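Novice: In case you want the letters, here they are:
Protein chains: 4
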Amino acid sequence: MTVPDRRYVITLSCPDRTGIVARIASFLADLGASITEAAYHADVDAGVFCTRQVVDAASVPCDVDELRALFAPVAAELGGEHRISDTGVRKRAVLLVTRDQHCLHDLLGRVWAGELPVEITRVIGNHTSLEPIVSAHGVPFHHVPFPGPGEPQREQRKVTAFEEVRKLVDADAPDAIVLARFMQVLPAHLCEAWAGRAINIHHSFLPSFAGARPYHQAHRRGVKLIGATCHYATADLDAGPIIEQDVIRVDHGDTTADMVRRGRDIERMVLARGLRWHLEDRVLVHDNRTIVFR
Amino acid sequence: MTVPDRRYVITLSCPDRTGIVARIASFLADLGASITEAAYHADVDAGVFCTRQVVDAASVPCDVDELRALFAPVAAELGGEHRISDTGVRKRAVLLVTRDQHCLHDLLGRVWAGELPVEITRVIGNHTSLEPIVSAHGVPFHHVPFPGPGEPQREQRKVTAFEEVRKLVDADAPDAIVLARFMQVLPAHLCEAWAGRAINIHHSFLPSFAGARPYHQAHRRGVKLIGATCHYATADLDAGPIIEQDVIRVDHGDTTADMVRRGRDIERMVLARGLRWHLEDRVLVHDNRTIVFR
Amino acid sequence: MTVPDRRYVITLSCPDRTGIVARIASFLADLGASITEAAYHADVDAGVFCTRQVVDAASVPCDVDELRALFAPVAAELGGEHRISDTGVRKRAVLLVTRDQHCLHDLLGRVWAGELPVEITRVIGNHTSLEPIVSAHGVPFHHVPFPGPGEPQREQRKVTAFEEVRKLVDADAPDAIVLARFMQVLPAHLCEAWAGRAINIHHSFLPSFAGARPYHQAHRRGVKLIGATCHYATADLDAGPIIEQDVIRVDHGDTTADMVRRGRDIERMVLARGLRWHLEDRVLVHDNRTIVFR
Amino acid sequence: MTVPDRRYVITLSCPDRTGIVARIASFLADLGASITEAAYHADVDAGVFCTRQVVDAASVPCDVDELRALFAPVAAELGGEHRISDTGVRKRAVLLVTRDQHCLHDLLGRVWAGELPVEITRVIGNHTSLEPIVSAHGVPFHHVPFPGPGEPQREQRKVTAFEEVRKLVDADAPDAIVLARFMQVLPAHLCEAWAGRAINIHHSFLPSFAGARPYHQAHRRGVKLIGATCHYATADLDAGPIIEQDVIRVDHGDTTADMVRRGRDIERMVLARGLRWHLEDRVLVHDNRTIVFR
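Chains as they are written, first to last, in the numbering used here: chain A, 9 to 302; chain B, 9 to 302; chain C, 9 to 302; chain D, 9 to 302.
By construction, these hints were calculated from the structure, which means they are not laboratory data. Every value quoted in this text rests on a predicted model; they were computed, and no experiment measured them. Heads up, a few of these hints could be off.
Because identical chains share one entry, a pair is satisfied inside a single copy or across any pair of copies.
What the hints assert, rightly or not - Here are the computed lysine to any residue pairs in the SDA-like style, where the Cα-Cα straight-line distance is at most 25 Å:
(1) LYS99 - VAL268
(2) LYS166 - THR106
(3) LYS166 - ARG269
(4) LYS99 - ASP266
(5) LYS99 - MET267
(6) LYS99 - ARG165
(7) LYS99 - ARG270
(8) LYS99 - GLU172
(9) LYS99 - ARG269
(10) LYS99 - GLY55
(11) LYS99 - ALA265
(12) LYS99 - LYS166
(13) LYS166 - PRO81
(14) LYS99 - ASP262
(15) LYS99 - GLU159
Take these sequences, add in the hints, and give me the full structure.
Specialist: And the structure:
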């Protein structure tokens, strides 16, 4: 893999008004910054302006902290939220899994191949079955058992288990917490603590077939396309901001088992794409919807 | 357009058991029938077997009525429902419209071009705005006004209007009644009377965004794909058997108006495909789901 | 149809360097212009920068001619080519056709429905068979016969026929000359005279199956997807800059005739999309490739 | 993974005539065989009939060898080529690789997850870089070095290297030899020896951009979709029967490097789908085209 050149990535959302582009562009031009990507979006109804700008680090006469210091007054003047990332600093992700291995395997393979700009710092599973795959990739695996339906003191033990998950996750201060077919509902306080960083893959074309066993629901309804949805986890189950979706054609000959198998290809791709965009700071959220600067 | 050769199309659904294919194939082989298309589907869970067979009319030493008479005992023996169509007899369709013209225009164009094997015997609209288009194609247009929201005696007048629609439709004994963006909910007794013949196009990827203003709902939810669904109309609104669906990608830059405009291309195509399959006897319905022998 | 608000559309391509965005954005901010769309592209290898900016006409204290006069020195300073369009002035298109009616019918329908921002000033056909459709839409039809293969003095008569086509087209000074399945190779001098305005639809996924009978070629090669390509016509046949492409899945059951029929849906859509983008000044050409600011 | 029930898969191609379906169906009905899948295709122009029939092994009062013996006279009578597979016997594949790991990793992951019905008996690479991945999956890896451009006695050493590859492959008598981005042209005698078993993934939408560096070719031509093609390897480079193809949308913002990265997702999926269909005996070849009974 060739190493891409170092970039600083600026994202900003602020109240829309005339002159924002000029203000930012002038700031960058005065610095001598060479812009390699620039995207804008104004949501006229909401009165919100969003932008993502990528500059060649070599063209800027300062490091990322100085750039942050210089840009802070501009952002303050525009009244917006912003962030500046440095592609020279590798991002970190923690993966939460259960038994399904297709998403896990796909992400590990992409990281191994250098396709995804991220270090997987650890994988947390509530079963041990995926430990061998994870270990083969040299990534630490943590088993945190969760109580099943009907087990005694289930609610209390789930609280304890999630507390352990939280400690493991927060120890890495990851940029992304990926629910790679985790199959456990995140408690509201974790959704909040990890807001904008917890990424889930749901195996349906949301809002169709939210909840459990979506392929069974899809088969029963007789739809002609099935899909998958990558979204930020929020306390409102399966209703968080959608990052990416895709579908695949099925027909009357496909059993539920066929749909499960075929849907995996869509789940893999949709999660990998959504995660990539998140890691590249391409996703902004406003009013429970995403702006994705692809 | 070259005229395709005349075909007899046999469709059958019956309880599944061993030997059905052999029974039908032997019947046809004994007749000397040349099979040009054959498709089968067994729904193991439901214990139902479906088939569609197309034979070259020239290879069969009888006309379609004799074929029906000869095949009736075979179908009775198999305990199924069946139908035999003759492609030499042109099918008929009635179109119901309101003001949206994209589906109407598309269907008229396809019929004019000889792309759809059907005669449009009449178009019924509850506004007059589409009359000129229809007349330009030499098709009779009937204006049946429907009372709007807030008008006096609305329910009673709707009943009367639907009664008039029914008479006009039934006068043609059409093979398809196409709700080409009709925007009026068919009363249950018409859904029943026209069961398996009334075809609706819904401007969303059902079951997402059933009901009114689906593009507005889609925009609010922030989905990344919008779609359209062609289905048989049933008394359970937007819940009838799905014939065909398709989707198109949208992004954060698309306003609701953009979605409305872009969705039209999907509506047109999905309706045209669904209607074609219906007219070619490719669609069988079982348990509120379709088997589509494409 | 609601009438969209009036916009001025600025497109510019120029040598890439630092500060271009700042220069344009400052110019617009100083005018008080409200930017409703802005897109940028820098081709690093070619050293070329392209942009398309849309401003709300109501926010600018001048008409389009004054805006052109004010912007000219900015463009000169940047050393680029530019254009400013006014969406309040309806664009014009001339259509060239032969016998195939699906693209013609689709475009006429979209214009009638207000979906495409253009006036079709005339249709020129080398057969008379499409005259009734065109006339039903109130558009003038001109029959310019072309000599067929084997007819005497074919080359000379083609020159004469194209001369007549040229006169008819140029009389309207159209913004687009659409070869809507015209099936005649445009002579080089017309490609040049209409460079960047002559839009062709080719019924294959170019560069596969250039030339004649692409569906036959596709069937013979056994491809699993067929497509269509909308491109600017150039003297190098089927090799002009590609504006849009799309594909549809076929399988072993599809005969060449099926491909021809099914491909029409892709041709219609691809041509309509490409033409729309051209009319909305979304397409810039550089080095035989298009930048399409969708 | 639930173990699917054991099936016998019958594929047959023979000269088309009346009564073939009846003959086969009667044979199976007489055996009491329960048919779980049946597909037919008649190529009228070529006069060839193809079918694939799947029967529940439990319904047949004999093992696969007896079934073969019983069916042989039927096939002989029909004058066709046929094969009967037993899903209870696991198929075997050998993979040939170079340095690109995405296809390799994807296939290993699918086999690990039980998604592909195959045992990978060994992987042969002309570099050692992929050995760790392969070993982590417990699959033997063999390094067979190939001489690079400009190395002495290149042609002779290639012959020797291919001879070694051949021995390794043939030792396993595999059902599939997968060129998972092998990047070496198979010599004609190996294409012949492995005819119908050697499966290649080409990183373009063939026949566009055959040969080397297809993404560079695609970028230069400015196409709007890029694709991948899974095909049987034949002596005629990149011209073998196409099993599966798919495409993905690109735009002017995608560099060649972006296309390479994005194309990998299509390559992975297309190869996995093509290989699955091959392993499930869904692919028949006639006249350099495939019939794929999906």
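Novice: Each hint should be assessed against the structure and marked as holding or not.
Specialist: To see whether the hints hold, each was checked on the structure:
1. LYS99 - VAL268: For LYS99 and VAL268, the Cα distance is within 25 Å only across copies (23 Å; inside one copy 32 Å).
2. LYS166 - THR106: So LYS166 and THR106 pass the 25 Å test inside one copy only (14 Å; across, 47 Å).
3. LYS166 - ARG269: So LYS166 and ARG269 fail the 25 Å test inside a copy (30 Å) and across (40 Å) alike.
4. LYS99 - ASP266: For LYS99 and ASP266, the Cα distance is within 25 Å only across copies (20 Å; inside one copy 36 Å).
5. LYS99 - MET267: Answer is between: at 23 Å across copies they meet the 25 Å cutoff, but 34 Å inside does not.
6. LYS99 - ARG165: Classified as neither; 32 Å inside a copy, 45 Å across copies.
7. LYS99 - ARG270: For LYS99 and ARG270, only the inter-copy Cα distance (21 Å) is at most 25 Å; the intra-copy one is 31 Å.
8. LYS99 - GLU172: within (23 Å within a copy, 44 Å between copies)
9. LYS99 - ARG269: between (31 Å within a copy, 19 Å between copies)
10. LYS99 - GLY55: Neither. Shortest intra-copy (32 Å) and inter-copy (31 Å) distances fail the 25 Å Cα cut-off.
11. LYS99 - ALA265: between (36 Å within a copy, 21 Å between copies)
12. LYS99 - LYS166: neither (29 Å within a copy, 43 Å between copies)
13. LYS166 - PRO81: So LYS166 and PRO81 fail the 25 Å test inside a copy (45 Å) and across (63 Å) alike.
14. LYS99 - ASP262: For LYS99 and ASP262, the Cα distance is within 25 Å only across copies (23 Å; inside one copy 40 Å).
15. LYS99 - GLU159: neither (38 Å within a copy, 42 Å between copies)
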